[in-house]
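Colleague: Given the sequences, and given the hints that come with them, work out the whole structure.
Protein sequences appear in the order of chains A and B. Quick note on numbering: the first sequence equals residues 4 to 154 in this note's numbering. Quick note on numbering: the second sequence equals residues -2 to 156 in this note's numbering.
Derived from the structure by calculation, the hints contain no laboratory data. Just so you know, these numbers come straight off a predicted model, no measurement behind them. Beta carbons are placed, not taken as given, at the ideal position from N, Cα and C, and that holds for glycine. Be a bit skeptical, because a hint or two may be false.
Simulated coverage check for chain A against chain B, where a stretch passes if three residues somewhere in it have a Cβ under 8 Å from a Cβ of chain B [as the list claims (entries may be wrong)]: (1) 16 to 26; (2) 31 to 45; (3) 50 to 60; (4) 94 to 103.
What follows is the residue order along each chain.
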Amino acid sequence: MLTAMHKQLLNDYQQDFPLSPTPYQDIASSLGVTEEDVLLAFNELADEHFISRIGSIIVPNHIGVSTLVAMAVPVEQLQSIADIVSRYPEVNHNYERENRFNLWFVMIAKDDEYLQSVIETIETESGFNAMQLPLLADYFINLGFEMDFDD
Amino acid sequence: MNIDKIDRQIITATQAGLPLTPQPYQTIANALGLSAEMVMQRMMVMQDQGVIRRIGAVPNHYRLGYKFNGMTVWNIADEYINEMGGRIGQLDFVSHCYHRPRHLPEWPYNLFAMVHSKSEAGVKEQQGMIAELLGGYNLGQDVLYSTRILKKTGLRIGR
Chain A
4 MLTAMHKQLL
14 NDYQQDFPLS
24 PTPYQDIASS
34 LGVTEEDVLL
44 AFNELADEHF
54 ISRIGSIIVP
64 NHIGVSTLVA
74 MAVPVEQLQS
84 IADIVSRYPE
94 VNHNYERENR
104 FNLWFVMIAK
114 DDEYLQSVIE
124 TIETESGFNA
134 MQLPLLADYF
144 INLGFEMDFD
154 D
Chain B
-2 MNIDKIDRQI
8 ITATQAGLPL
18 TPQPYQTIAN
28 ALGLSAEMVM
38 QRMMVMQDQG
48 VIRRIGAVPN
58 HYRLGYKFNG
68 MTVWNIADEY
78 INEMGGRIGQ
88 LDFVSHCYHR
98 PRHLPEWPYN
108 LFAMVHSKSE
118 AGVKEQQGMI
128 AELLGGYNLG
138 QDVLYSTRIL
148 KKTGLRIGR
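Modeller: If you want it as structure tokens, here you go:
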């Protein structure tokens, strides 16, 4: 399972991954291990899907226009409506949630005009109203989610 | 702030994931026909200007045992939304905290805080801690659990 190094990499490198020619070597130096150790540990974390990737995380709405959308769909139609919604490449997350609004998805498009046209198409095709909840403000202060590995 | 075509290419390449090679920025640069210095320099500028929030490992909460994610939603008077959002966003169990519009009458909530826990009771406890912090500024609340992931792909830019 997770070794001490896995846990340290998970908690310490959700941000501030070095922007240097040899970032894995830099991490290795600060942890007192070898570059091979760090690369192996990250490979293991990725192979086991403990991390989805090491990458840059973009502040929303800097590239394209996005919105959260919610739909209230009868339970027996949820799967078929979800399939319709998921087919659109502009939809990148689609969740079922326990609520009257039970279908929640995030859409992104190059501009608002195009986004609105796709949402209208989805409403027409599904027969349900799409409640748009675009981001008005982002209260991001937290520097990474602290993992609790004790239990 | 304006980002150009090269910045967009760098974002697309780096958010998909840095390669696990000794010189990952060089690998990205080679693929884009740029120098590693230019890739790093532009990423630094985009970070300073708030386009890139952070560079790092993206944990899979579910796989790590945080199997319960709750979307807590709150109704906060508009004049206090920024102050309250700022406080909630600082909590270490909150991964995202956003102000979104209400849709009255069916949707009265304007503050969204995503919390993660290893149990449903844990989510309830976190919801209680947020409620306590909000005190009298909290005019209504709910929590929505995700029961199924129907689609999840990386960020993609539509036409």
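Colleague: Now, for every hint given, state plainly whether the structure supports it.
Modeller: Hints and how they fare:
no.: 1; hint: 16 to 26; in the structure: holds (count 10)
no.: 2; hint: 31 to 45; in the structure: holds (count 3)
no.: 3; hint: 50 to 60; in the structure: holds (count 10)
no.: 4; hint: 94 to 103; in the structure: holds (count 10)
Hint compliance for this structure: every hint is met.
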